[in-house]
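Listed in order, the protein sequences are those of chains C and P.
To convert, count from 1 in the first sequence and add 417; that's my numbering.
To convert, count from 1 in the second sequence and add 417; that's my numbering.
Keep in mind that a hint or two might mislead.
Treat identical chains as interchangeable: a pair holds within one or across any two.
[Said to hold, decoys possible] Derived lysine-lysine pairs resembling DSBU-like cross-links, with alpha carbons at most 35 Å apart:
1) Lys471 - Lys507
2) Lys596 - Lys494
3) Lys507 - Lys422
4) Lys471 - Lys508
5) Lys596 - Lys471
It is worth saying that the hints were derived from the structure and are not from the lab.
Take a look at the letters that make up each chain.
There are 2 protein chains.
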Amino acid sequence: MAGKKVLIVYAHQEPRSFNGSLKDVAVAELSRQGCTVTVSDLYAMDFEPRATRKDITGALSRPEFFSYGVEAYEAWKKRSLTSDIIAEQKKVQEADLVMFQFPLYWFSVPAVLKGWMDRVLCQGFAFDIPGFYDDGLLKHGTLHFCGFKVLAPHISFAPEYASEEERKGMVASWAQRLKTIWNEEPIPCSPPWYFGQ
Amino acid sequence: MAGKKVLIVYAHQEPRSFNGSLKDVAVAELSRQGCTVTVSDLYAMDFEPRATRKDITGALSRPEFFSYGVEAYEAWKKRSLTSDIIAEQKKVQEADLVMFQFPLYWFSVPAVLKGWMDRVLCQGFAFDIPGFYDDGLLKHGTLHFCGFKVLAPHISFAPEYASEEERKGMVASWAQRLKTIWNEEPIPCSPPWYFGQ
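Chain C on its own, in the form it takes in the complex (with noise of 0.2 Å):
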């Protein structure tokens, strides 16, 4: 889909790691298909996963009880959060599609992406992971809460016990999907009323 944005919120240690593959893949293929490609590797960048105080620039609205919900969300609305969490909304705000890539650790997240969404989008909402029994960060959690709406997870399950072969079918696979991406439907989320609404 020329000139449509994306981005890529990107966390892994190693380049040269599955991970990096995946992510790798994606940029090329969304790039042959003319979109605008960009990655936020939060690793390299030394992405500051920590909310704390420091990410509101200026006077705090209630100083004598520091609630980082609270201070957040004035910050945002005066823009005085800090300059790097500005920067990721802003890349959000523009994207026609986000892709969080991260390898799964069994059924978790590493707290640099946690911190990221915790910081970017908002603080530690619904962070549960599509486990085994269930997928409530999608249908519930951190990204639909926010207002996304949400495609289907694409889960490449052990990697470091297939064989290389396998590893390449996995990778193969997920370029595959993403030629058609663009119109895939998103999946059935939670109602307004699980949210008190």
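Take the given structure of chain C and dock chain P to it, following the hints.
Chain P only, in chain C's frame:
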């Protein structure tokens, strides 16, 4: 239980928060019992939650392809992990009881605590949190996997929507539980076959 050592791993930015009160009451009650209580106050310590190659001092065992898990394990054997990790691991090793005290933010953990667990215990394993329908962190996850016997969690739901009186009741019920915590039996956890043993 006089003479017992307790480690409280505490993650909250605001000392005067509800979480701060729960931590303070635990320190008071356990000290009263004659325990030695150590608090790792992760925000106050500015604890580094990013798991990176900086955690390994000296040479890497596989410099051509960085794997955090491999390198951290080798460095642990050689005692060449970075000093803040070694200090935390020592506290864990010496403790008879370890408590994790943090806001759930619905069913999430803050990135800084996630980073503590990743760097100090074992990276990224099975970090699903007691959600609405499961209790994976405890039964299958990081703690049990790392060799802890796990007591039932103590959760105070939605203190921000409770009255001042109700919040005081929550803090009091935590203090009450601590009076007999040394008599508690561990909860049943996943059997060894769950981990492929």
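Hint-by-hint comparison with the structure:
{"no.": "1", "hint": "Lys471 - Lys507", "result": "both (19 Å within a copy, 30 Å between copies)"}
{"no.": "2", "hint": "Lys596 - Lys494", "result": "neither (38 Å within a copy, 46 Å between copies)"}
{"no.": "3", "hint": "Lys507 - Lys422", "result": "within (12 Å within a copy, 48 Å between copies)"}
{"no.": "4", "hint": "Lys471 - Lys508", "result": "both (21 Å within a copy, 28 Å between copies)"}
{"no.": "5", "hint": "Lys596 - Lys471", "result": "neither (41 Å within a copy, 38 Å between copies)"}
Consistency with the previously given hints fails for numbers 2 and 5, ordered from lowest to highest.
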